[in-house]
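Keeping their order, the protein sequence lines are chains A and S. Using the working numbering, read the first sequence as starting at 1 and increasing by one per residue. Using the working numbering, read the second sequence as starting at 1001 and increasing by one per residue.
If you are wondering where the hints come from, they were derived from the structure by calculation, not from laboratory data. One should not assume that every hint holds.
As the list claims (entries may be wrong) - Once the Cα atoms are required to be at most 27 Å apart in a straight line, the calculated DSS-like pairs of lysine-lysine come out as:
1) Lys210(A) with Lys1077(S)
2) Lys1173(S) with Lys1077(S)
3) Lys1144(S) with Lys1117(S)
4) Lys1144(S) with Lys1099(S)
5) Lys1173(S) with Lys210(A)
Claimed, not checked - Calculated from the model, a selection of chain A residues having no Cβ within reach of chain S, i.e. all distances over 12 Å:
6) Leu36
7) Leu105
8) Gln184
9) Leu191
10) Gln203
11) Ala209
Because the structure is a prediction, the values reported are computed rather than measured. For every residue, glycine included, the Cβ atom is placed at its ideal position computed from N, Cα and C.
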Amino acid sequence: MSDPRPAKQPWNKSSKLASFKGLRGFSDAVLVFGSLLLAAAVFSLLLSVLWSVISAGSGAMSAEFLYQNNRYISTTTSLDYGGVGHAILGTLELVLLATAVALPLGLAIAVYLTQSQSKLRNLVRAITQALAGLPSVVSGLFVLSIISFLDAQKSGIFGAVALFPLMLPTVARVAEEALRLVPQDLRLAALGLGAPNYRAFFQVILPAAKTGIITALLLGLARVVGETAPLILTIQANEGTNLNPLEGGVATLPTYIYGFISAGYASSITRAWGASLVLLIIVGILFVSARLLTGDKKKKKSKGSK
Amino acid sequence: MMTITPVAAELQAQDVSVWFGERQVLKDVNLTFRANRVTALIGPSGCGKSTFIRTLNRMHELIPSAGLAGAILLDGKDIYDPSVNPVDVRMEIGMVFQKPNPFPTMSIQNNVLSGLKLSGLHSDNKEELLETSLKRASMWNEVKDRLDEPATSLSGGQQQRLCIARSLAMNPKVLLMDEPCSALDPGSTRRIEATIEELSESMTIVIVTHNMQQAQRVSHETAFFLADDNVPGGVVEFGSTEQVFGQPIDPRTNDYVNGHFG
């Protein structure tokens, strides 16, 4: 006779906030408002950082600023001359050198941690995690001691060596996650077809984890691209463009920023902010491409399930 | 060069015992899988039938603690002979798994031909191999116009038949199927059962199934496996499917096939 369905609750329709009733509703409300408040706090921090970099850095921005180098430029030269072209190239050079070693090695660690059955895995994982906690200045100091031990001159290659241990754990950890997400079924399928282990890995597991591994690479790059302390300790400054990592000084964006901000003149400070903006844009490009690459995969999947 | 004419082979298990670490899970299994026949392995969960089917192409070796005694003869040759590479065994004895597992990064076509690439073999006529394999898995007409689409665009049942086609492209003598329909709907199950029947004309098939109606529909012979708390798994009864389900000799078989336990 009577309708077994519960009566429609009008407050569900009118407004979400109106459902915060009773004791449980109260604690819900506290949590929701707390989360919103914290999210707003983080967001406003981010916005304020972005705003200060953009507002202070845009004054230095011009096409010349992006490609000219810093030769014949003093801390008080007009902003119409000189730029960070040499520092962009130097940063890219050092980061690519560090990546050339950190990516294959980080990937190798990830493969070892996910594919082998060895009892040493936990030790390797613990060491990798400990390395992730290494302060960057310690890495720089370590390489500096190598330089003085070898009685060598500071040069770009030592900067890359100092960046490498900072990059390695990020690449290894994210790549490990990516490989772990590949279903075990696929490996079984490949081996069941008569594939040797290495072919199963290179032809099935690695392609399936491709986007995750690209993310590992990009996050690793983003981790070291702004590192300053290890570079101040291990490379010489250079006002001009020098792409030889084995000899002479090399400019990088972080050391450029450090140099000009310490000088303390109005135009030098603007230059430092300008370089910060360039660095921020580079990091932004890396993170956005990481997001796009992983997001792309999800889109494909949902298409496939139709 | 790969020949496309399939050859069935006889597979024989002799006194097969399996251990995982200290625990023995199978004891003295003796079974003969005759050429061009479908043999069903039935039994309650944990009786060792899935472990046993994996020993037939050495897939159980992927579990590091696994150990095996006895012999598995493929046309009289022991696949556990020290001179035999497990990789070669798996090319001759293919396997289809419980859950459809096509390679998600590959197209339909590349999935079928993936075995060649994965095992480093070359085929003179990939087009023909592709078509033959898909036809044998009875899905050529469904996919012939979409061979370049990703394998994940197929339905679950189609994915499982794609996995069968992928195994067939290696031209195995024996096909092992570990509960191939347990993740599929009745319609897809029926199609796979029809495929199994056609395939048995050209190869030897061993199928693990929890579904007793399915065992009766598809198999010529049935082996009933059973394990107990402290007794490792073994074969209780082996005979023609008609006999095992119609006039079981062992009372435990009778209880199981009539649904009294399991």
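Hint-by-hint comparison with the structure:
Between Lys210(A) and Lys1077(S), the direct Cα distance comes to roughly 41 Å. Violation of the 27 Å bound is thereby established for this hinted pair. A hinted pair counts as satisfied when its Cα atoms are at most 27 Å apart, and Lys1173(S) with Lys1077(S) qualifies at roughly 13 Å. In summary, the hint linking Lys1144(S) to Lys1117(S) is supported, as the alpha carbons are separated by about 21 Å, within the 27 Å threshold. A hinted pair counts as satisfied when its Cα atoms are at most 27 Å apart, and Lys1144(S) with Lys1099(S) qualifies at roughly 24 Å.
With a C-alpha separation of about 35 Å, the suggested pair Lys1173(S) and Lys210(A) falls outside the 27 Å cut-off, and the hint is violated. Taking the minimum C-beta to C-beta distance to chain S, about 38 Å, the non-interface status of Leu36(A) holds against the 12 Å cut. At roughly 24 Å from the closest C-beta of chain S, the C-beta of Leu105(A) stays outside 12 Å, upholding its exclusion from the interface. Taking the minimum C-beta to C-beta distance to chain S, about 9 Å, the non-interface status of Gln184(A) is violated against the 12 Å cut.
Taking the minimum C-beta to C-beta distance to chain S, about 7 Å, the non-interface status of Leu191(A) is violated against the 12 Å cut. The non-interface label for Gln203(A) is inconsistent with chain S: the shortest C-beta to C-beta separation is roughly 6 Å, within 12 Å. Here Ala209(A) does not stay apart from chain S, with its beta-carbon only about 10 Å from theirs, under the 12 Å limit.
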